[in-house]
Amino acid sequence: MHSTISVRNLSKIYDGGFQALKNINLEIQRGEIFALLGPNGAGKTTLISIVCGLVNPGEGQVLADGHDIITDFRAARAKIGLVPQELTTDSFETVWNTIGFSRGLFGKPANPAHLEAVLRELSLWDKRNTRIMKLSGGMKRRVMIAKALAHEPQILFLDEPTAGVDVELRRDMWEMVRRLRASGVTIILTTHYIEEAEEMADRIGVIHKGEIVVVEDKSALMKKLGKKQLTLQLQSPMTTIPPELADYPLELSADGNQLVYTFDTQGDRTGIAGLLRRLSDHGIDFKDLNTSESSLEEIFVNLVRSRT
Amino acid sequence: MNLYGIRAIYLYEMHRAWRTLMQSLATPVISTSLYFVVFGAAIGSRMAQVEGVSYGAFIIPGLVMLALLTESVSNASFGIYMPRYNGTIYEVLSAPVSFVEILIGYVGAAASKSIVLGFVILLTARLFVDYEIQHPVWMVGFLVLTALTFSLFGFVIGIWADTWEKLQVVPILVVTPLAFLGGSFYSISILPPLWQKITLFNPVVYLISGFRWSFYGISDVSPMISLGMTLVFMLMCLAAISWIFRTGYRLKS
Ligand SMILES: Nc1ncnc2c1ncn2[C@@H]1O[C@H](COP(=O)(O)OP(=O)(O)OP(=O)(O)O)[C@@H](O)[C@H]1O
Ligand SMILES: [Mg+2]
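These protein sequence lines are chains X and H, in that order.
Under the working numbering, the first sequence has 195 at position 195, and the numbering climbs by one with no breaks.
Count along the second sequence from 1, add 1000, and you get the number used in the working numbering.
Careful: at least some of the hints might be erroneous.
To be verified - For each label pair, taking beta carbons as the anchor points, the in silico distance ranges come out as:
| id | chain 1 | residue 1 | chain 2 | residue 2 | range |
| --- | --- | --- | --- | --- | --- |
| 1 | X | 19 | H | 1194 | 55 to 61 Å |
| 2 | X | 71 | H | 1194 | 42 to 48 Å |
| 3 | X | 219 | H | 1162 | 26 to 32 Å |
| 4 | X | 22 | H | 1224 | 57 to 63 Å |
| 5 | H | 1165 | X | 61 | 55 to 61 Å |
| 6 | H | 1248 | X | 41 | 54 to 60 Å |
| 7 | H | 1242 | X | 19 | 42 to 48 Å |
| 8 | X | 61 | H | 1245 | 17 to 23 Å |
Claimed, not checked - Okay, derived cross-link-like pairs now, EDC-like style, lysine to aspartate or glutamate, Cα gap no bigger than 20 Å in a straight line:
| id | chain 1 | residue 1 | chain 2 | residue 2 |
| --- | --- | --- | --- | --- |
| 9 | H | 1252 | X | 68 |
| 10 | X | 218 | X | 247 |
| 11 | H | 1252 | X | 217 |
| 12 | X | 134 | X | 90 |
| 13 | X | 228 | X | 293 |
| 14 | H | 1252 | X | 251 |
| 15 | H | 1252 | X | 86 |
| 16 | X | 223 | X | 195 |
| 17 | X | 228 | X | 196 |
| 18 | H | 1252 | X | 15 |
| 19 | X | 223 | X | 281 |
| 20 | X | 227 | X | 217 |
| 21 | X | 227 | X | 211 |
| 22 | X | 287 | X | 251 |
Bear in mind the hints are in silico, worked out from the structure with no lab data behind them.
Since we're looking at a predicted model, the values are computed, not measured.
For every residue, glycine included, the Cβ atom is placed at its ideal position computed from N, Cα and C.
Given only the sequences and the hints, what does the whole structure look like? Please build it.
Structural data, given as structure tokens:
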């Protein structure tokens, strides 16, 4: 059985000479949720745009459900739905007309029942006769999703689906993505957020500066990525770490005001509770505490380094 | 052939015109009526007949052509520029429609609108002057051919333009002057000999001449030459478009 999306030796140099993609190889399997994780400018949108036909590929080949996206573009594109990163809609049209247009454009005969189901699922049914310009940003984003689903695609690309979306809508979207997957749709989404990739994906591909750094099952990758730090602002500075805390991996800042504890978010227990108890047992007070993750950039740099 | 896709684009474009019906139809009808009042009634009453046709009737084919040209160009250029401008073009590019299908949808819609407009203006003209149409089939033929050709031209402009200014500039600075100087309001035989020669480089001369011939049987150049030149201009537009589509010029990076 062939992959749903197969990218082979794909490179892209934009006019002006900027190389956005460097020899990408990627296989995406039927029915999985694949997250493409990477910082700004990594090449996520470029990769998706090439697969969907918006950007000319440079070198290399892309197959969608076994169809070459150039020589057999009709068969390839008919399978694909795209929700682009930018909110781009015809503001003067109604929701209903715009999704009807999308379905026709993809070569499907009218099917009001399907469109109704899509709109209901996205809580847009009440807005079907509203002009898009009168909708809120979150609703517009859902219209974009409805347009992409209007022709019943087998493969759905979501380019940063949750950017600028509130927590509730984000939940709804994740729910919807899972339902789509359950109905057999393959989903490829991009994100900046490790948590989002973790929450949603079966597999994660990390892309950085136009290169795929790593592609792995979520759980395997999370082990590598899931490091967090707990920083404690001490009430009174220390000169050394007291021996009673020696069994914790702690670091003291140079000025002695901060104690930094590094832990694994994937572990069964983070050890934070024990550490805090130990601190209070020994009368070490702190003013404030916060946890932080290593930034994506740091993680990518580490991944790149660990690969070479 | 993705017929549903062509239909979707065509209907969507027609629906856009319907939404802006006032602008799409009323504006050209009003401005054409003004031309009749000013040129036909006011000035025309003091003008002699042109080759046996009253001046009011003489300018009708020219006025229809004037509206047809400007509206075809602006409809078609706006139709494709707008989705490029607001980004909705992404959907058309990602859909299983070929460039030819995209073209049929957009240009077909723009041309249809102009053709309807052409007939509306002919009906409006009826309110002002009596006129005859000696060769109705040719008349319709020239009307359709011109609408198509200049919608293709408009499509090229809509792809080439990367600002609103450029989009406006061609209809205002190129199409309208060519139409005015192409014999909308006069027979080019009244021009000095040198200007008559220069005028023959203006493609609109052939359109208006051929179109007027289909009404009154009088023309500046033979109708066959008119037809030939129109087809040549159409082929030039098609060549430009096929280059655009082959290279993805201004559509795909
Ligand atoms: N049309 C273009 N012409 C030239 N360079 C481009 C073009 N589009 C994108 N780029 C460049 O290619 C690189 C990758 O861009 P891309 O949009 O694919 O990144 P991304 O991973 O989607 O980033 P983000 O997370 O910010 O959306 C960037 O450096 C960008 O400046
Ligand atoms: Mg992007």
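For each hint, the structure was consulted:
{"no.": "1", "hint": "19(X) x 1194(H): 55 to 61 Å", "in the structure": "57 Å, holds"}
{"no.": "2", "hint": "71(X) x 1194(H): 42 to 48 Å", "in the structure": "55 Å, violated"}
{"no.": "3", "hint": "219(X) x 1162(H): 26 to 32 Å", "in the structure": "48 Å, violated"}
{"no.": "4", "hint": "22(X) x 1224(H): 57 to 63 Å", "in the structure": "59 Å, holds"}
{"no.": "5", "hint": "1165(H) x 61(X): 55 to 61 Å", "in the structure": "41 Å, violated"}
{"no.": "6", "hint": "1248(H) x 41(X): 54 to 60 Å", "in the structure": "23 Å, violated"}
{"no.": "7", "hint": "1242(H) x 19(X): 42 to 48 Å", "in the structure": "30 Å, violated"}
{"no.": "8", "hint": "61(X) x 1245(H): 17 to 23 Å", "in the structure": "22 Å, holds"}
{"no.": "9", "hint": "1252(H) x 68(X)", "in the structure": "18 Å, holds"}
{"no.": "10", "hint": "218(X) x 247(X)", "in the structure": "30 Å, violated"}
{"no.": "11", "hint": "1252(H) x 217(X)", "in the structure": "34 Å, violated"}
{"no.": "12", "hint": "134(X) x 90(X)", "in the structure": "11 Å, holds"}
{"no.": "13", "hint": "228(X) x 293(X)", "in the structure": "5 Å, holds"}
{"no.": "14", "hint": "1252(H) x 251(X)", "in the structure": "52 Å, violated"}
{"no.": "15", "hint": "1252(H) x 86(X)", "in the structure": "16 Å, holds"}
{"no.": "16", "hint": "223(X) x 195(X)", "in the structure": "13 Å, holds"}
{"no.": "17", "hint": "228(X) x 196(X)", "in the structure": "16 Å, holds"}
{"no.": "18", "hint": "1252(H) x 15(X)", "in the structure": "11 Å, holds"}
{"no.": "19", "hint": "223(X) x 281(X)", "in the structure": "32 Å, violated"}
{"no.": "20", "hint": "227(X) x 217(X)", "in the structure": "17 Å, holds"}
{"no.": "21", "hint": "227(X) x 211(X)", "in the structure": "23 Å, violated"}
{"no.": "22", "hint": "287(X) x 251(X)", "in the structure": "17 Å, holds"}
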